[in-house]
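Student: Here's the letter readout for the chains.
There are 2 protein chains.
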Amino acid sequence: MTTREECQTLDLEDELAPLRNEFLLNYDEIYLDGNSLGPVSRGVSSHVNDVVDHEWGKQLVRGWNDAGWMAMPTRIGDRIATLIGAHSGEVVVADTLTIALAKLIGGALKLRPDRHVIVTDVDNFHSDLYIAQAMSAYGGRPITVKAVSRGSLDEALNDDVALVMLTHVDFRNGEMLDLKGITEKAHDVGALMLWDFAHSTGAAPLNVEEAKVDFAAGCGYKYLNGGPGAPAYMYVRALWQGVIENPLPGWLGHARPFDFEPEFEPAKGVQSFVTSSPSILALSALDGALDVFDQTSMNAIRAKSLHLTDLFMELVEAKLPATFEIVTPREYAHRGSQVSMRHDESYGIIQALIERGVIGDFRAPDIARFGFTPLYLRFVDVYDAVEILADVMSSEAHRDPKFATRNAVT
Amino acid sequence: MTTREECQTLDLEDELAPLRNEFLLNYDEIYLDGNSLGPVSRGVSSHVNDVVDHEWGKQLVRGWNDAGWMAMPTRIGDRIATLIGAHSGEVVVADTLTIALAKLIGGALKLRPDRHVIVTDVDNFHSDLYIAQAMSAYGGRPITVKAVSRGSLDEALNDDVALVMLTHVDFRNGEMLDLKGITEKAHDVGALMLWDFAHSTGAAPLNVEEAKVDFAAGCGYKYLNGGPGAPAYMYVRALWQGVIENPLPGWLGHARPFDFEPEFEPAKGVQSFVTSSPSILALSALDGALDVFDQTSMNAIRAKSLHLTDLFMELVEAKLPATFEIVTPREYAHRGSQVSMRHDESYGIIQALIERGVIGDFRAPDIARFGFTPLYLRFVDVYDAVEILADVMSSEAHRDPKFATRNAVT
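These protein sequence lines map, in sequence, to chains W and C.
Taken in order, the first sequence gives residues 750 to 1159; the numbers are from my numbering.
Taken in order, the second sequence gives residues 750 to 1159; the numbers are from my numbering.
Hints listed in this document are in silico derivations from the structure and should not be mistaken for laboratory results.
Any given hint could be a false lead.
Calculated cross-link-like contacts (lysine-lysine; reagent style BS3-like; alpha-carbon spacing at most 30 Å) [stated by the list, open to error]:
{"hint": "1", "chain 1": "W", "residue 1": "LYS929", "chain 2": "W", "residue 2": "LYS961"}
{"hint": "2", "chain 1": "C", "residue 1": "LYS1068", "chain 2": "W", "residue 2": "LYS1151"}
{"hint": "3", "chain 1": "C", "residue 1": "LYS859", "chain 2": "W", "residue 2": "LYS895"}
{"hint": "4", "chain 1": "C", "residue 1": "LYS961", "chain 2": "W", "residue 2": "LYS1151"}
{"hint": "5", "chain 1": "C", "residue 1": "LYS934", "chain 2": "C", "residue 2": "LYS961"}
{"hint": "6", "chain 1": "C", "residue 1": "LYS1068", "chain 2": "C", "residue 2": "LYS1017"}
{"hint": "7", "chain 1": "W", "residue 1": "LYS929", "chain 2": "W", "residue 2": "LYS807"}
{"hint": "8", "chain 1": "W", "residue 1": "LYS934", "chain 2": "W", "residue 2": "LYS859"}
{"hint": "9", "chain 1": "C", "residue 1": "LYS895", "chain 2": "W", "residue 2": "LYS859"}
{"hint": "10", "chain 1": "W", "residue 1": "LYS934", "chain 2": "W", "residue 2": "LYS961"}
{"hint": "11", "chain 1": "C", "residue 1": "LYS1017", "chain 2": "C", "residue 2": "LYS859"}
{"hint": "12", "chain 1": "C", "residue 1": "LYS859", "chain 2": "C", "residue 2": "LYS895"}
{"hint": "13", "chain 1": "C", "residue 1": "LYS1017", "chain 2": "C", "residue 2": "LYS961"}
{"hint": "14", "chain 1": "C", "residue 1": "LYS1151", "chain 2": "C", "residue 2": "LYS1068"}
{"hint": "15", "chain 1": "C", "residue 1": "LYS1068", "chain 2": "C", "residue 2": "LYS961"}
{"hint": "16", "chain 1": "C", "residue 1": "LYS859", "chain 2": "W", "residue 2": "LYS859"}
{"hint": "17", "chain 1": "W", "residue 1": "LYS961", "chain 2": "W", "residue 2": "LYS895"}
{"hint": "18", "chain 1": "C", "residue 1": "LYS895", "chain 2": "C", "residue 2": "LYS807"}
{"hint": "19", "chain 1": "C", "residue 1": "LYS1151", "chain 2": "W", "residue 2": "LYS807"}
{"hint": "20", "chain 1": "W", "residue 1": "LYS929", "chain 2": "W", "residue 2": "LYS859"}
{"hint": "21", "chain 1": "C", "residue 1": "LYS895", "chain 2": "C", "residue 2": "LYS934"}
{"hint": "22", "chain 1": "W", "residue 1": "LYS929", "chain 2": "W", "residue 2": "LYS895"}
{"hint": "23", "chain 1": "C", "residue 1": "LYS859", "chain 2": "C", "residue 2": "LYS807"}
{"hint": "24", "chain 1": "C", "residue 1": "LYS1151", "chain 2": "W", "residue 2": "LYS1017"}
{"hint": "25", "chain 1": "C", "residue 1": "LYS1151", "chain 2": "W", "residue 2": "LYS895"}
{"hint": "26", "chain 1": "W", "residue 1": "LYS1017", "chain 2": "C", "residue 2": "LYS895"}
{"hint": "27", "chain 1": "W", "residue 1": "LYS1068", "chain 2": "W", "residue 2": "LYS1017"}
Using the sequences and the accompanying hints, generate a full structural model.
Tutor: Here it is, written out as structure tokens:
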């Protein structure tokens, strides 16, 4: 079993270790919830202050030109493109994640007008299921959303499928799906492929170009650390640009927004997926949060991520044998950057951990979920977190009556 | 003609004058573009810093509960409700303005399933026209968008009209439409009424309750001063809550978002119009910007607004006779909080004014537009702005060749 001393050595040898200093973290906490909300980084504070005090504060409305606000959705999109293997000009940042998905679903359905089915995962994030269902009313023809289990995906694919829409890393168990293989299968039946990268972006290298992904959307506030409710991004493969239409068009996606023309004519490229003015404060926070990614590579992040989750699982099994059912896959190819464990008392366990400074989260009905962000987590953090978990379990702290009633959130 | 000394006296007697100190303004500028983007206020800086440094910074993911982030869309909505004559629980803040309109249009169309027409104003803000057209594909039946001139509105109303959708104050000429009268006419033919309050909210008192408005949306970044791209708000009359459906549903609008249920069940009230996580930074800036409205009333703001625009028009006509065609209505009932003037050389005039510290904006093809925000503008500002305008015109500064080519933005 790995010792604390060995963890300290791993930290000393860790090339990502200096990046921890870029983040605002509580000294007395181990933050294993960056998969829900990443922490503030130095880049965020400086960018946000700069917008408030200097750009908005001094330039006022001129900021749209002079501070480059108009270009932010595509400029920041280009920064995210480098993290997911996309080209410059294929990614734009705007809206919340579910609205971003709505745009891509609606646009995709129009590209396959003779087909009537959206295939998705019955265990997909529920908001993705809601918006798929809602957008199925948009196509001007009856569309059925078939939400199937992952094992039955192949059977569901046929030439009536317009769109396959999946989340790459499962929010509950952390399972990572086969990006390239599934995309290929969708294409084999003539369907389009839309991926939700909420739990992958910034956590693992993605190569949308190689996998020939048609469309994708991702989250700014998880592994990208862009702040609570940070804007989402949309990826539209170059092939589809000028072909796919944004079903929720607005003036900022117009070819000439300041000509105030009564008819919509889409701007070239992904800009047409911007609808109306996005929050510049929100964009600038995300912009600042991306600075830290310039100092490393997604491959280095992935290698440390797998090491951290390996270590966590090893220690949990060694120190707490037969206590938790680890539902996150062991195979690297199928593992995201989180570890999820099943236990009947997960809610109380998470609450007791939080009280002791180990921040994970509970996902109904019985999952204790821990996210591992290589940018700021140390190997000793993993060691200490498992020690504290073992202490909670042995002291039965999680059975404190105050944890009997589940709180509304987290 | 009003003299500068008289303007100074007006400022001394102005009960709103102290509020100017709440804003960050450039000493050497007269800002007449608050109808495009309001300035930073003290409340904004403190709220945003508090979110970054303490809430997000220290509470991290717990902020959703502990800092009240989950409740922000409706809590801030309640603050805006007091400005538009709505009840608590009828307003929610989320998304950009065009997306907010999309939700209300889509929802409204479902409430009139046997009708096939959306009536709007041919001079409506172009983004409103684009989204009306786009959402007409959503209803599962052929819907026609009839964009008519304001004078022909009555003729366009008949029992095939599902929805009348208008902007209350015209962005070009500043004309204010008859909120109550038009809403009544829409209702007389059984249509629903959706108002865009982008250029009214925070500029003039609105009474949606008295006018029996069904739905409305408004802008956070103009007269509310919530920052570039501040989130929009949606108003849904209590009568329609639980009846109208959000056509772009997401998990934060679910009755039990953290139960992760595969079927969408809307939350009670306007919360169901929140889709997925809104930017907390953007919301907190808007929250802070609303603080200044607690120190006055919409009636006081409106009285000063009319006085400021009266003064501007009086001075322009006195100092620059027969130079501009003022296209903003003189009648108080039909005037918003801006003055728009037509001149063939408006683009150069606005650029020359900006160079001299008077910030207005150009709206194609030939409008020079000046917004008057009573919260921070002085009567002497109006006087001085017109003096500088007179100087531009007499010196022909606007004919400088550098203003010959129109810039992309503003």
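Student: Would the pair C/LYS895 and C/LYS807 pass a check requiring their Cα atoms to be no farther apart than 30 Å?
Tutor: Status violated; Cα separation ~52 Å.
Student: Are the Cα atoms of C/LYS1068 and C/LYS1017 separated by 30 Å or less?
Tutor: violated (57 Å)
Student: Is the straight-line distance between the alpha-carbon of C/LYS1151 and that of W/LYS807 30 Å or less?
Tutor: holds (23 Å)
Student: For the pair supplied as a hint, W/LYS929 and W/LYS807, confirm whether the alpha-carbon distance does not exceed 30 Å.
Tutor: Given pair W/LYS929, W/LYS807 is violated - Cα atoms ~48 Å apart, limit 30 Å.
Student: Does W/LYS929 pair with W/LYS895 here, judged by a C-alpha cut-off of 30 Å?
Tutor: holds (21 Å)
Student: For the pair we were handed, C/LYS1151 and W/LYS1017, check the Cα-Cα distance against 30 Å.
Tutor: Status holds; Cα separation ~28 Å.
Student: CA of C/LYS1068 to CA of C/LYS961, is that 30 Å or under?
Tutor: violated (43 Å)
Student: Regarding the pair C/LYS859 and W/LYS895, is the alpha-carbon distance no greater than 30 Å?
Tutor: Judged against 30 Å, a Cα distance of about 24 Å means the pair holds.
Student: C/LYS934 and C/LYS961 were given as a pair; does the straight-line alpha-carbon distance stay at or below 30 Å?
Tutor: OK: C/LYS934 and C/LYS961 at ~11 Å, within 30 Å.
Student: Holds or violated: C/LYS1151 and C/LYS1068, Cα atoms, limit 30 Å.
Tutor: Given that 30 Å is the threshold and the Cα spacing comes to 26 Å, the pair holds.
Student: Would you mind confirming whether the straight-line C-alpha gap from C/LYS859 to W/LYS859 stays at or under 30 Å?
Tutor: holds (21 Å)
Student: Going straight from one Cα to the other, do C/LYS1151 and W/LYS895 come out at no more than 30 Å?
Tutor: With a Cα-Cα distance of about 60 Å, the restraint between C/LYS1151 and W/LYS895 is violated, given a limit of 30 Å.
Taken one by one, the earlier hints fail for this structure at numbers 2, 4, 6, 7, 15, 18, 23, 25 and 27, listed in ascending order.
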